[in-house]
Amino acid sequence: MFKKKECVAMLLAGGQGSRLYALTKKTAKPAVSFGGKYRIIDFPLSNCINSGLDTVGVLTQYQPLQLNEYIGNGLPWDLDRTFGGVKILPPYQGQKGGDWYKGTANAIWQNMEFINRYRADYVLILSGDHIYKMNYSKMLAAHKKSGADCTIAVIDVPLEEASRFGIMSTREDGSIFKFSEKPKNPDSTKASMGIYIFTREKLEHYLRADAADPKSANDFGKNIIPAMLAAGEKLMAYPFVGYWKDVGTIRSLWEANMDLLGEHPALSLLDESWRIYSRHEAAPPQYVGSGAIVQNASVTAGCEIEGTVRNSILGTGVVVGKGAVVEDSVLMDGVTIGEGTTVRFSILDDRVSVGKNARVGEDRSKTDEITVIGADCKIPDGGIVPPGAMLEDAKND
Amino acid sequence: MKIAGLVFSNIHDRTIPEMTRMRTMASIPFGCRYRLIDFALSNLVNSEITNIGVITHYNYQSLMDHIGGGKDWDLARRSGGIKILPPYITAYENAVAAKLYTSRLEALLGAQNFINRCGADYIILSDCDAVLNIDLNDVMEDHIRSGAFLTLVTKRMDVSKLQFSHERDIAVVDNDGRITEIDRYIPKTGELDISTNIMVLRRSDLQNALNEALARGYTSFHLDIIGKNLSKKFFHAYRYDGWYSQIDSLEKYFSASMQLLNPDVRHCLLGNPEREVYTKIRNSAPTKYEAGASVSNSLIADGCVIEGTVENSILFRGVHISRGTVVRNSILLQDTYVGANVSLNCVITDKNASVRDDRVLSGHETMPFFIGKGMTV
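Those protein sequence lines, which keep their order, are chains H and X.
Here the numbering used here = 1-based position in the first sequence + 24.
Here the numbering used here = 1-based position in the second sequence + 512.
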């Protein structure tokens, strides 16, 4: 018997994140490292538990191995529960055959049984693409208070960027009368954050209708929301104020990492009342050597720094040799930088190893292009990786 | 072959009263993010010994908080796992167990229930003041190969390099690895086999020894159970050759901590990928080094914010070093807050201590300045 849950969260984590290129070659986007000891999916998962939501379905599809391993039984997020907890929901074969998840709406439709067994009144739909801290329980309270059929979290974006988002036009009471996906001439600056709360019966009703429509793209933004608007359902916008960043591109991923730095960072992870949880290894403390310079940097367990690190984010177990210089870069778990090597304006994925006296990337003042080295790549002594290069380990093909 | 572990959490509390006023020896924080019991537990777990009893005495609230369900050491098990063994006191004033135990032997007598029920073939005993990373499988193999009644892990050390703050059990070992004498007498020169107090023996032998001790009114495990039987039974010494430190005074705590800045020591104790040291996970954010930070030769945990200068120091989780402050040769425990323009040298701060702006504090490496838990200077 399953305990009734008022609200079940469904986290869409199946996306490839193809605009992250080498970084998502072997892993799904939500499992990409962020901020030294986190992965992107830690943010929605931590938001869930911090908001008091303890039942989360994670829908996986693309390269799920790392993501499955990472989430495991949900212990790091306190989601290893007897009643509820986190469950991985991959596509499956049923009696009448099965299929891959064709779109975001289809993925939820195929898992209606998961939602229904908890007899949930409300369903929170999340994506694994954003870095933000948000209290979903406040949004749920607003949804219940307004009696809406669907509440969509929106954030104010600059008008010139509005055409990159799904844009909501709202009345004074916050109800939505128009939704346009990536409009050329936006008439509002309220962008959808891809976070929806549905009243369950309505969600099931519209998902069923959508599933029966062979022409549908089975997507929330393209199909479900427009269909509900057309039918005159009550859709409310829930305004969110705070840090929110789509990390779907190399540039935005780099920027979001840099937002952690500085004395008054745009995104602070030190707030004890809204902790971001992550699964991490039993690494020893970080060691900063005698000749080292570490300034304006975020460094985590297992790092051994003998060189210079400035304006950078270092993941677990990063080694920076004597005389090496790392600037304006993001070094993920287990990266090794040899003596005398310089790494500038770059993102180095897990376990990249750079030999001695090598040069990776170029000073930020001289180039606009971020250098990216994919997981497990080895750069030999004296090697040069030009700015903007995108390297992948040949073994990963 | 089944092996169970028994860990003594309080045995040496009185040796370092500054830090054990509010906690057990076992829960003294050490090495940025660990507590002393983590070494004993990790050694057992890394040797696949997952049925462990922890003998407690008093002040064990912080220890229970640290261990929790045992998940962080992979000891949350349906069968076996970790069990806290609170002191065994009966309600009857005249009964043997009417008082808290005062010796290792009495502690073992109080843990007889665990010993009788654990179902193991062998028992490994270990203390919490010993900081080392040891392969206990190797000790087990050596014990079985030697056919000994009991194997004691010793560390061979040059006497002139030792600083004994408290009595230490010394084993006199012959060329066959046989212990011929157990003593507390310390000669002035030469090499000594110092007892780490890690021991292994058959469970049935331990049960018999405890019964004998009860019958004869023995009081000391080392001097009576071992000492009085040396000629009758084979007591074997296993000489451990890695880095080892016995935390038996604040001064020793200071020097052992500072040795972690030596890469060889650090890698031996904390950096062995086959034998990692586990501890309670706190989910701290990474440490932030601000633009004006200057850090050298220091070991730093996650969750710190560093705006000033830190040299030759050990910072635990959540330490804050403000602007203009210089911290040298110091050990700052969890959540210590150091204000602006402070100067610290040879200082140990306990958890949640704070140092106000402009303070100048200095101890000496032989007598570190100690700021107690939650105190403000």
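If you're looking for bench data, these hints aren't it; they were derived computationally from the structure.
Hints should not be assumed to be uniformly reliable.
Simulated DEER-style distance windows between Cβ atoms [as the list claims (entries may be wrong)]:
| no. | chain 1 | residue 1 | chain 2 | residue 2 | range |
| --- | --- | --- | --- | --- | --- |
| 1 | H | Gly118 | X | Arg714 | 35 to 45 angstroms |
| 2 | X | Gly754 | H | Pro182 | 55 to 65 angstroms |
| 3 | H | Gln40 | X | Arg794 | 26 to 36 angstroms |
| 4 | H | Met414 | X | Gly581 | 15 to 25 angstroms |
| 5 | H | Pro289 | X | Asn853 | 47 to 57 angstroms |
| 6 | H | Lys162 | X | Arg794 | 49 to 59 angstroms |
| 7 | H | Gln119 | X | Ser591 | 35 to 45 angstroms |
| 8 | H | Pro289 | X | Glu560 | 21 to 31 angstroms |
| 9 | X | Ser591 | H | Glu305 | 39 to 49 angstroms |
Just so you know, these numbers come straight off a predicted model, no measurement behind them.
Beta carbons: idealized from backbone N, C-alpha and C, even for Gly.
Hint-by-hint comparison with the structure:
{"no.": "1", "hint": "Gly118(H) / Arg714(X): 35 to 45 angstroms", "in the structure": "violated (57 angstroms)"}
{"no.": "2", "hint": "Gly754(X) / Pro182(H): 55 to 65 angstroms", "in the structure": "holds (60 angstroms)"}
{"no.": "3", "hint": "Gln40(H) / Arg794(X): 26 to 36 angstroms", "in the structure": "holds (34 angstroms)"}
{"no.": "4", "hint": "Met414(H) / Gly581(X): 15 to 25 angstroms", "in the structure": "violated (45 angstroms)"}
{"no.": "5", "hint": "Pro289(H) / Asn853(X): 47 to 57 angstroms", "in the structure": "violated (24 angstroms)"}
{"no.": "6", "hint": "Lys162(H) / Arg794(X): 49 to 59 angstroms", "in the structure": "violated (27 angstroms)"}
{"no.": "7", "hint": "Gln119(H) / Ser591(X): 35 to 45 angstroms", "in the structure": "holds (39 angstroms)"}
{"no.": "8", "hint": "Pro289(H) / Glu560(X): 21 to 31 angstroms", "in the structure": "violated (43 angstroms)"}
{"no.": "9", "hint": "Ser591(X) / Glu305(H): 39 to 49 angstroms", "in the structure": "violated (26 angstroms)"}
Of the numbered hints listed earlier, those contradicted by the structure are 1, 4, 5, 6, 8, 9.
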